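Given next are the chains, with one letter for each unit.
2 protein chains.
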Amino acid sequence: MTNRWIEETFHPHWRVALEASKVLHEDKTEHQHLVIFRNETWGTVLMLDGVCQLTTSDEFVYHEMMSHVPLTALESPERVLIVGGGDGGVLREVLKHSSVKKATMVEIDRTVIDTAVKYYPEIPGKSFDDPRADIVIADGLKYVAETDEEFDAIIVDSSEPIGPSAVLHTREFFADCKRALSKGGVLVTQNGLPFLFPDHLAGTTRVFASLFKRVAPYMCTQPCYFGGPFALNFATNDKSVLHVDEKTLAKRAKKRGVSGLKYWTPAVHNASFALPAYAQSVVDEAIAAGKAGNDTAYAHAPVEVKPADDKKKAAKAKAPAAAQPKASGSKKAKA
Amino acid sequence: MTNRWIEETFHPHWRVALEASKVLHEDKTEHQHLVIFRNETWGTVLMLDGVCQLTTSDEFVYHEMMSHVPLTALESPERVLIVGGGDGGVLREVLKHSSVKKATMVEIDRTVIDTAVKYYPEIPGKSFDDPRADIVIADGLKYVAETDEEFDAIIVDSSEPIGPSAVLHTREFFADCKRALSKGGVLVTQNGLPFLFPDHLAGTTRVFASLFKRVAPYMCTQPCYFGGPFALNFATNDKSVLHVDEKTLAKRAKKRGVSGLKYWTPAVHNASFALPAYAQSVVDEAIAAGKAGNDTAYAHAPVEVKPADDKKKAAKAKAPAAAQPKASGSKKAKA
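Chain order of the listed sequences is L and Z. Heads up, the first sequence is in the working numbering, so the first residue is 84 and it goes up one at a time. Heads up, the second sequence is in the working numbering, so the first residue is 84 and it goes up one at a time.
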């Protein structure tokens, strides 16, 4: 019997097909098509609506870089908020830091957690049972807007800015995140593949630049996110958390018992902020625009450009490119 | 009419298919299948024997990193040897350095050059007509073994270690390169995709470690080399050329008139040597093995392990993994 091949279909002019040696689960409704299968090269793969979201062979890249970069940047992070991230990968990495007293994961969809536990339990590992883990099934947008708590790090492990996840890429949401950060706290989110889709990186950078003193996108290469390196974004009001030297990063990781990593190292931490020139120019322009009052977030639907605080400055800042008609390179949608 | 889709077929369990809006050239013989076509996303694409070798949208990544890393590492590189590289991309970047008095490109196959000029002339640009360019149609292996010249940098822009290019990945060839380097010179080569094929990086690193005082693999992410970041390798006997500070790198590039780059920056230069932990562990092990006398190069065909100089040390060093039966992640094969 010939194995079935399952295709990524979101790029109009090129496709990646993965061989399914075994389909573990499939759910095809009028709203979504989710399929979980085994692949000889990639391990267990989650494909959602024709986009490869996650493989067990390389999930460590994204999950480590989303977690250890903000956490080791901080001297002693105690309270961490994860918005989304129901597969448990970020939670697993966050809990490696013994300084963390409470990690709150707010996932809107309980089935994302159940799916992980059933089909790729190595991703959450034992993190859902950790006494420091606070699992909340709720709308992350609403949670952040209403919470009275303060967090040292907020990690937004969201899917791409279309459909239900679009709200997690808006200025309003990021402004609420800022309010929920402790003094000197760090906000991290994902920004897709800037080689193919620079507008996503540009949009978040504009918003971050308008809200925070410091914005510092960083990158990692997740092999199953085909199409170039993957951008993450980092915002803070405390510039000291950027460019922490390698020795200090190593000391913090060691002191907190962080070990067994496959991607993050102190050298990789600082290196990840060195963007290829093509991405750096997107970021430079977006920061200038954001500081000048153009804080238009990336969106597929038409977005309203807010009136700038300073019209003179705003006139200098370029308007954002029109929302792309094609699918976003942002991945990490969740089942 | 529906467009034709052209597939990468060298990964057994996954495939990338690119839509050809127009096929520019196709050559299908019993020895090879070469096809050059236009793709809406990637520009002009060269696919050779089911492996995407080059696209005009992202060739700058590899060509810049192969050229500017060794050249700006040096105080004043004057003579550069490019082995292979008939598409002219490396030559184009090398010639951006005004310090370079002569750049010798030794390409075994004249049709590689002709193909570039005809189908993607933006890659060589005007470099083939530069008076400093010395284009030699010859076997690179033989050329390096016989040359009396000395080069400040040797850049091996070879295809993967199978077939005719396999000789450009052997200890013998690299030893000849070492002999042809000036004092303090730098040797650079490509090492494929270590996330999928760590043995290639390991093999070259063992050989470099056995031949040179310093080995320093570095990485870049070339979007069309699907499957993770791409490894390059760097060897020298002069440790001062590693970790040159950003200011010095910037000053050198500026002084030499290097501009218009889309990937390399001084920060990216140094950052590229920070390897993800999974690749660093491959490198650490390979360096230890190489220093201990295990200098087995990567090869698809079975390779003979040379007797170690120091049996005690060699016993500690792990034997290399068996040559992989599957295709190598090394790309950059040439038409």
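Hints were generated in silico from the structure; no laboratory data involved. All values reported here derive from a predicted model rather than from experimental measurement. Among the hints, a few may not be true.
Calculated pairs, SDA-like style, for lysine to any residue (alpha carbon to alpha carbon, straight line, at most 20 Å) [said to hold, decoys possible]: (1) L:K345 <-> Z:E368; (2) L:K330 <-> L:L117; (3) L:K179 <-> Z:A360; (4) Z:K345 <-> L:S364; (5) Z:K185 <-> Z:Y202; (6) L:K345 <-> Z:D367; (7) Z:K345 <-> L:F356; (8) Z:K179 <-> L:A360.
Now for the hints, and whether the structure bears them out:
The hinted pair formed by K345 (chain L) and E368 (chain Z) meets the criterion: a straight-line CA distance of about 15 Å does not exceed 20 Å. As the CA atoms of K330 (chain L) and L117 (chain L) are separated by approximately 43 Å, the hinted pair breaks the 20 Å bound. Of the supplied pair hints, the one linking K179 (chain L) and A360 (chain Z) holds, its CA atoms being roughly 17 Å apart against a limit of 20 Å. This hinted pair checks out: K345 (chain Z) and S364 (chain L) have alpha carbons roughly 9 Å apart, not beyond 20 Å.
Taking the CA atoms of K185 (chain Z) and Y202 (chain Z), the gap is about 26 Å. The hint is violated against a cut of 20 Å. Annotation: proposed proximity of K345 (chain L) to D367 (chain Z) holds, straight-line Cα distance about 14 Å (limit 20 Å). A C-alpha spacing of about 16 Å is found between K345 (chain Z) and F356 (chain L), which places the hinted pair at or below 20 Å, so the restraint holds. With a CA separation close to 17 Å, the supplied pair K179 (chain Z) and A360 (chain L) stays within the 20 Å bound.
Checked against the numbered hints listed earlier, the structure breaks hints 2, 5; every other hint is satisfied.
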